[in-house]
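A.B. asks: Kindly generate the complete structure, drawing on both the sequences and the hints.
Protein chains: 2
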Amino acid sequence: MRSLRDKKHRRREGLFLAEGLRILTEAREAGALPEMLFFAHDGVGHPLAQGLIAATEHAGGDVIETTPDILSKLSGKDNPQTLVGVYRDRLTPLERLNRSASGIWIVAQALRDPGNLGTILRTSDAVGGGGLILVDDCVDPFSVEAVRASMGALFTQAIAATRWETFVAWLRQGPGQLVGTSLRTDTDYQAPRYEAPTFILVGNEAQGLPQAYEGECDLLVKMPMLGKADSLNAAVATAVMAYEVLNQRRVR
Amino acid sequence: MRSLRDKKHRRREGLFLAEGLRILTEAREAGALPEMLFFAHDGVGHPLAQGLIAATEHAGGDVIETTPDILSKLSGKDNPQTLVGVYRDRLTPLERLNRSASGIWIVAQALRDPGNLGTILRTSDAVGGGGLILVDDCVDPFSVEAVRASMGALFTQAIAATRWETFVAWLRQGPGQLVGTSLRTDTDYQAPRYEAPTFILVGNEAQGLPQAYEGECDLLVKMPMLGKADSLNAAVATAVMAYEVLNQRRVR
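Protein chains in written order, with this note's numbering: chain U, 4 to 255; chain P, 4 to 255.
Where hints are given, some of them may not hold.
To be verified - Listed next, with one range per pair, are the computed distances between beta-carbon atoms:
#	chain 1	residue 1	chain 2	residue 2	range
1	P	10	U	233	29 to 35 Å
2	U	33	P	69	49 to 55 Å
3	P	79	U	96	35 to 41 Å
4	U	252	P	57	18 to 24 Å
5	U	221	P	191	45 to 51 Å
Said to hold, decoys possible - Distance condition first, Cα-Cα at most 25 Å in a straight line; then the derived DMTMM-like pairs of lysine to aspartate or glutamate:
#	chain 1	residue 1	chain 2	residue 2
6	U	231	P	92
7	P	231	U	219
8	U	76	P	9
9	P	231	U	38
10	P	231	U	32
11	U	231	P	143
12	U	231	P	189
13	P	10	U	148
14	P	76	U	9
15	P	231	U	143
16	U	76	P	148
17	U	231	P	148
18	U	225	P	32
19	P	76	U	148
20	U	10	P	148
21	U	231	P	9
22	P	231	U	148
Said to hold, decoys possible - Partial selection, computed: residues in chain P whose CB lies under 7 Å from chain U:
#	residue
23	125
24	154
25	159
26	230
27	242
Simulated from the structure, these hints should not be mistaken for laboratory data.
We treat Cβ as the ideally placed atom computed from N, Cα and C, and that holds for glycine.
C.D. replies: And the structure:
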């Protein structure tokens, strides 16, 4: 199980790790139960932990008591969670995504930081987004760090991984406005009225979006940057954009 | 120098590490030069690196050529930056903060993640914020991870560290609206007109704000959360708030 901390093994097994009562409970509420559930004796006092164990057993999963030491090795944390679940990975094939399920989707291109990826999933959940489409060589959404940063949103959001050309072909088969943030535009991000479903395109942390990808966007916008820096953190930029799209549509 | 990766040693020496041409150049533009500058031969081709070396020498700093191997040990990265600077730490005593220098300030309480702290500095720079006030037991803003995540904003933003009671006493000596995000309010974050200077208060990643601290706020607001999760990442929540405050004031 510890080998699931490596992407190679996750891919081969089609499994990944999630830790902690909070995230495992979010998963259960989203309808996902672990194939294997490891717990240390100290971690089962909480009624939610009891419920999780019962539900996992009922669904035919393996429930395994172990030591805090071994859990620590599984999770790679000094201060381990007392519950670790092994889940079947849950990529959605792009052609199975139902774009009309939400008015907001996030598309990430060559995103490299697992914390950013998880945080973007968490934000997408918060704005009622449909999910995350990964294009080009993104970090694995099922890494321990990404799962942790998602705070369980990994289980509520659809996740697809594809190539740019395939994504664009799919996008143009139906409604959808592709919006990129860029330094190469004068359009303020609050100026346009965004059309649903809006696909917010976020680029690599260091390079931003390739110019050809910007060319494919229906709209390029920029956020005001009043300081010395010329860009925001990728997860922050995504959130500022996503809340603008949401704010234009919600009733206050 | 490598010991500066530990908080204890940073505090004792009053020094910290920053890496990479981009961040070191931001520092220089903000008026900060390293006391010591380590470089590997491969890293000095860029004119900005040449300028940095000349400026550091001119200011009386030590410029030391070393090997990529040793730089890797300094930075703790497999793929090291070719420039590492050692800087005098730059905490501003709270009483020396000039609150009228900006209409937006961030106050972080018991923030534990260095990536969040650095990202918040980067966002504060972007919205034209004055700086970051750390209360209670926050992660060290001069850790390698925080410096890296700040992308140089550590050098453009004022940073103060203090106790909650001291902060509140200082705040109430002058103008300033203290705004916290909370689950215990019905006020939408876009409803109020924020008053400058606005102090955005962000709580600990896991616990949020203590209730007594919320009681001290002039205003509690909440962001819409349409999904399963009940909170945003701390750096994301700060950014969504900070851009709302900025958007209310800027001319588009």
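A.B. asks: Checked against the structure, which of the hints given earlier come out wrong?
C.D. replies: Hints 4, 5, 7, 12, 21 not satisfied by this model.
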